[in-house]
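Residue numbers (numbering that gives the first Met the number 0), protein chains in the order written: chain E, 0 to 290; chain G, 0 to 290; chain W, 0 to 290; chain F, 0 to 290.
Hint data in this document are derived by calculation from the structure and do not stem from the laboratory. Among the hints, erroneous ones may be present.
Pairs count within a copy or across copies, as identical chains cannot be separated in the list.
Stated by the list, open to error - DSS-like, lysine-lysine: derived pairs with alpha carbons at most 27 Å apart:
#1 LYS129 with LYS215
#2 LYS108 with LYS20
#3 LYS1 with LYS108
#4 LYS101 with LYS129
#5 LYS66 with LYS215
#6 LYS34 with LYS215
#7 LYS1 with LYS101
#8 LYS66 with LYS108
#9 LYS215 with LYS1
#10 LYS101 with LYS20
#11 LYS129 with LYS1
Now for the letters of each chain:
Protein chains: 4
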Amino acid sequence: MKVGFLGLGQMGSAMAANLVKAGHEVTVYNRSHEKTRPLAELGAHAATEVADACQGQAVYTMVADDKALEAMVFGEAGLLSSLPTNGIHISASTISVALSEKLLEAHAKAGQRFVTAPVFGRPEAAAAAKLFIVAAGEAQTLSECTPLFDAIGQRIFILSDHPPDANLIKLSGNFLIGSVIEALGEAMALVGKAGVDPHAYLDMLTSTLFGAPVYKTYGGLIAGGVFEPAGFAAPLGQKDIRLTLAAAESLNVPMPIASLLRDRFLTLIAQGGENLDWSAIGKLAARDSGQ
Amino acid sequence: MKVGFLGLGQMGSAMAANLVKAGHEVTVYNRSHEKTRPLAELGAHAATEVADACQGQAVYTMVADDKALEAMVFGEAGLLSSLPTNGIHISASTISVALSEKLLEAHAKAGQRFVTAPVFGRPEAAAAAKLFIVAAGEAQTLSECTPLFDAIGQRIFILSDHPPDANLIKLSGNFLIGSVIEALGEAMALVGKAGVDPHAYLDMLTSTLFGAPVYKTYGGLIAGGVFEPAGFAAPLGQKDIRLTLAAAESLNVPMPIASLLRDRFLTLIAQGGENLDWSAIGKLAARDSGQ
Amino acid sequence: MKVGFLGLGQMGSAMAANLVKAGHEVTVYNRSHEKTRPLAELGAHAATEVADACQGQAVYTMVADDKALEAMVFGEAGLLSSLPTNGIHISASTISVALSEKLLEAHAKAGQRFVTAPVFGRPEAAAAAKLFIVAAGEAQTLSECTPLFDAIGQRIFILSDHPPDANLIKLSGNFLIGSVIEALGEAMALVGKAGVDPHAYLDMLTSTLFGAPVYKTYGGLIAGGVFEPAGFAAPLGQKDIRLTLAAAESLNVPMPIASLLRDRFLTLIAQGGENLDWSAIGKLAARDSGQ
Amino acid sequence: MKVGFLGLGQMGSAMAANLVKAGHEVTVYNRSHEKTRPLAELGAHAATEVADACQGQAVYTMVADDKALEAMVFGEAGLLSSLPTNGIHISASTISVALSEKLLEAHAKAGQRFVTAPVFGRPEAAAAAKLFIVAAGEAQTLSECTPLFDAIGQRIFILSDHPPDANLIKLSGNFLIGSVIEALGEAMALVGKAGVDPHAYLDMLTSTLFGAPVYKTYGGLIAGGVFEPAGFAAPLGQKDIRLTLAAAESLNVPMPIASLLRDRFLTLIAQGGENLDWSAIGKLAARDSGQ
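Chain E with its partners taken away, still in its complex shape (with noise of 0.2 Å):
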């Protein structure tokens, strides 16, 4: 497929890289220039300018937040104004779903067409092929975006025809891995306090009934207490924190762990954490305790 890529981060990179790896003829944009060298030596064609990598069938976003999305679809000479009758625009941001309200209702006005998919998954899954893809949006459309998706992931999860969907369900995803990490923050500040070996701990609770990445990753972590350089930054995990709280809001649902985790990050950060990883915040429970 003839494809565009606008955003060439750590996670985008490696993405436009494995399209590109398959076969698929992919023109890659970021706003700093010097990050399409990589790719443009792996065969992908550099655009300068937005216009110039959305002249194919479809385009990958994968940009840091709503409002680099917005500028890049709605600026001037933007992906909207750009993209052809029918193009597709593939977001694979996590954004806000109100953003995503508004992209598929612009989208349909201009005769384009709109899907999501965002992704689960660390730089090492992205550069493996290994994310998985949380996709929503017509059927027709997904099917045709499928050779992409493989080229990418390990795994599609098609969930809703309403592209918003996707981006909730990424948001209520980083929402669950953020209750991980302060339900160990405090697990481990209760067992902690007593003298009890946080990495023993740890190692108990993965191997029984706790064996799932998040609680490896976060946990190792939190009881190692080392937490930079940061894998996802304390700002990143609070805007997502925030943009579930605004998504639950329009809903009309409460969501109190969400509350506490939103309080969490703002001490985090009040307190001079603003370049630690997320994981951060598992050690509220412990610095509260006195520890």
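Chains G, W and F: place on chain E using the hints.
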């Protein structure tokens, strides 16, 4: 080994049976005597008094709560007055840290030994000798108990030589399960209100980052919405959160999710949920949101 | 003084009327024109356009929310483009701190002056010119506005020369009222479940340590259990908590009671309480407890 | 009346003194005998044993906690075994609802009468005979006690004929005070971080909607930031919240602000605040926000 086994509920019966099968000489006791019969058929001795089951090298206890264990240990002709000098009391019940401290002291005064060995696992795991055992106590004593542990569990975790620590760890584990139930309940209320199918959602979660047994088991219960018959009744979950909070108070550790779980159980029970499985608290977020 | 008054809801009408009665030359404007009539009868000029009310030394605004104020100020032929150089915009609405910051900047750029003067008090207090005014802005400008404040309120509190601070303080005041409602709701659920009469209980509280107007007003509403017609509707209370949390997020201040209030409003509205008085959240603790 | 008075702390001494001054024949007792001296000088009899103070028509108790009262009542030669048939035990201490239930039953069994009469007010109010008394018990018995109540307090509130209800109400009152401290703490953290002076802010609050004694007293302490010497020490506040939560648990009433207060006290004490006034929890929001 020649051992006693006190407390023949669903878990205790399965554990005692595995001790018999492993070739130990087991004398079993239960307050309501008829529960000793199936074990007698397997080859156990059936005692009609607590004291009769306390004549071996060790006695295992597995009862419902502090009150039951206190009656058994401190009552007339109870475990404490019947166990020989140097005999070992192996406490497997989920009891308070405070009672464990009290037992440690009482047995030491009586010239007896005390270790704790609470288990993780449901009745099926107990029947299959696949329990996880979290043991705490003097290394030498635990070593003597190893043949018993091997007959019952698939793996033993020794995290401390101070017996009450294993009780604390067991409570913290149940707190972590409760946290999973609450977090899943909130996430499912959120995506459910947007119209996403809860079973498909759960399948996605457990196929990706949350592939641990607890997510499958409790997520399935919440998605299905059927909480009877209870695998683990709400008042038992409430009790464990109560004991977690009591231990946290002794150690001066604030645990906001545990406080939230406490309030959830009160709400569930105030509204008639006394006979439901404890995972029914995972429906309260949905109910609050008008679903 | 020659002043404009924009926004003639229940509060605004009473405030404008008091300005007229105090001898000021007042031009009033409201989106639905018929609300200007009673004021015209009192001697005010009735404008049909925003711009017509912005020709004096100062213009007062008192509208429902950010959106209404933004439309009025930034719209075509709006306040910003109509107010003369050096003219004063006195904002009395309960708006976000962020909008107040934006107005401050915009007016400065336009060579105009901006002060904030939100009020505490219900419609009866407004009618009686007994409002409490929390004003913020440059000392000189506030001094020029004093004759207007005197016509409207019983006391003026100047706590800052930075206009958005008065908006923050107003929001914090509504947060404190919300906290009283919630705390009373929990206490009344507790004693109520034991069978204590809520009116007698409230009488005791307000006769002893809690003899403030808010306890009498809101305690009476909760004890009576009648929340219609709404004196201050739930969505307005929800909005103020939302703005409080937004300001707290900007300042990195975690406010757990505010988060709880947020969840309470979501629950109330999810369950159909949109038209109830905001004090109806004070019944949720009782409902959770099965009363 | 001929009465005994057990427990001569700051509050009890002042109350007993007022009984003496009102002309009653008072026998006082305190565990550490020297506290009886000032009262003996006023005309009281000083007992060296509990039993000696239990020979009149009624005996008042005013001690620190459940444990102290249980020792005094149920101990050898204690109140229960010393009070004559039909004698009245007036319990003024802030104790648990559960202990009050137990006392009610024990006294009934012993042919004695039991009423509760906890008080609101600080030591100065006790000295000035200006306490507020919340009494509960049989109407006839309370009527007999009226001369005693009149000597001590400025107003009596009778809200129930079931003695434990007054204990519940007293606890709920302390919970409400704790809620005020927390809410003020959050509001002051918010406006404080924006640079608003806390004393000016508090003056505004207490001059407008929040003109109750508790706002003045506790707001002043939080604004001043000086929590030593403690008027009411943190562990006492913590105890009252613990007893509130225990009563709420018995009645199945979830109280999220009470849970929050519990966590605040744990944090305060974990961080070394054991000797501070309980209002020091009102600084935790500011601390979390990096102030």
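Exercise. Looking back at the hints listed earlier, which ones does the structure fail to meet?
Worked result: 2, 4, 5, 6, 9, 10
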